[in-house]
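Assemble the complex: chain A is given as a structure, and chain B must be docked to it using the hints.
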Amino acid sequence: DAKTTQPNSMESNEEEPVHLPCNHSTISGTDYIHWYRQLPSQGPEYVIHGLTSNVNNRMASLAIAEDRKSSTLILHRATLRDAAVYYCILTGNQFYFGTGTSLTVIP
Amino acid sequence: GAGVSQSPRYKVAKRGQDVALRCDPISGHVSLFWYQQALGQGPEFLTYFQNEAQLDKSGLPSDRFFAERPEGSVSTLKIQRTQQEDSAVYLCASTGTDSYEQYFGPGTRLTVT
Chain A
10 DAKTTQPNSM ESNEEEPVHL PCNHSTISGT DYIHWYRQLP SQGPEYVIHG LTSNVNNRMA
70 SLAIAEDRKS STLILHRATL RDAAVYYCIL TGNQFYFGTG TSLTVIP
Chain B
23 GAGVSQSPRY KVAKRGQDVA LRCDPISGHV SLFWYQQALG QGPEFLTYFQ NEAQLDKSGL
83 PSDRFFAERP EGSVSTLKIQ RTQQEDSAVY LCASTGTDSY EQYFGPGTRL TVT
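For the record, the sequence lines run as chains A and B.
The working numbering runs 9 ahead of the 1-based position in the first sequence.
The working numbering runs 22 ahead of the 1-based position in the second sequence.
Next comes chain A alone, as it looks inside the complex:
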């Protein structure tokens, strides 16, 4: 299964944009790139996903590199409620979560 690499932790000031990077150099042509986040003491929740084109939804934007070997989750204005662990995942039938990026939002 293809794996992803993310920084262990990041910090952002409240109401500032946050760019969360993910490397996936072994991605296959059919792998979708998914992002989930996990708030403390909760199960993960879906954020966004894409294949090749950049994607936007009410929660975030996903920017995918042209060679698809990396992607960036963009939170346009971080709030305290966005403090969570963010996982970048490549999907087949299994979801490999890795250890994710722990985002701290500073008020």
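Hints are not guaranteed to be accurate.
Claimed, not checked - Straight-line Cα separation of at most 20 Å, SDA-like style, residue types lysine to any residue; simulated pairs:
hint, chain 1, residue 1, chain 2, residue 2
1, B, Lys100, B, Gly62
2, B, Lys33, A, Ser50
3, A, Lys12, B, Asn73
4, B, Lys79, A, Pro30
5, B, Lys100, B, Glu123
6, A, Lys12, B, Ser80
7, A, Lys12, B, Pro30
8, A, Lys12, B, Gln63
9, A, Lys12, A, Thr108
10, A, Lys12, B, Gln102
11, A, Lys12, A, Pro30
12, B, Lys100, B, Pro30
13, B, Lys79, B, Gly62
14, B, Lys33, B, Arg44
To be verified - Computed list of chain A residues with no C-beta within reach of chain B, every gap over 10 Å:
hint, residue
15, Pro30
16, His58
17, Ser70
18, Leu89
Unchecked claim - Ranges between beta-carbon positions, derived for each pair:
hint, chain 1, residue 1, chain 2, residue 2, range
19, A, Asn65, B, Val96, 32 to 38 Å
20, A, Asn32, B, Leu61, 23 to 29 Å
21, B, Leu77, A, Asn66, 27 to 33 Å
22, B, Gly81, A, Thr35, 35 to 41 Å
23, A, Pro30, B, Phe88, 37 to 43 Å
24, A, Pro49, B, Gln39, 40 to 46 Å
25, A, Pro49, B, Gly81, 22 to 28 Å
26, B, Ala24, A, Tyr41, 46 to 52 Å
27, B, Ser84, A, Thr35, 25 to 31 Å
28, B, Gly118, A, Thr61, 19 to 25 Å
29, B, Gly81, A, Asn63, 46 to 52 Å
No lab work stands behind these hints, which were simulated from the structure alone.
The beta-carbon is built from N, C-alpha and C at its ideal position, and this holds for glycine as well.
Structure of chain B alone, referenced to chain A:
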């Protein structure tokens, strides 16, 4: 509608005991996944069902772990002769037809003493 529910939310077992963890997926969801999440780690895949068929059980760590979904809805993860290393949060997720989005339950925190 209701989301994915799991029971019990917390379970304490003495080493050597058997435990059964229940997952109620979203009604109509075809696919169901089980994950194990150790403290400070991301969820790790255990097994996957499509309806009642267990299509992938490659993540089950030993033959003490067994999962079933006999009628294609509720699923049970059973751990026999629990060991301390089985202490973790066990997460269940379900997915609808033609959807990649997994909806997770709150998890069951298992502590083996």
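Violated hints, by number in ascending order, as checked against the structure: 1, 3, 4, 5, 7, 10, 13, 16, 22, 24, 26 and 29
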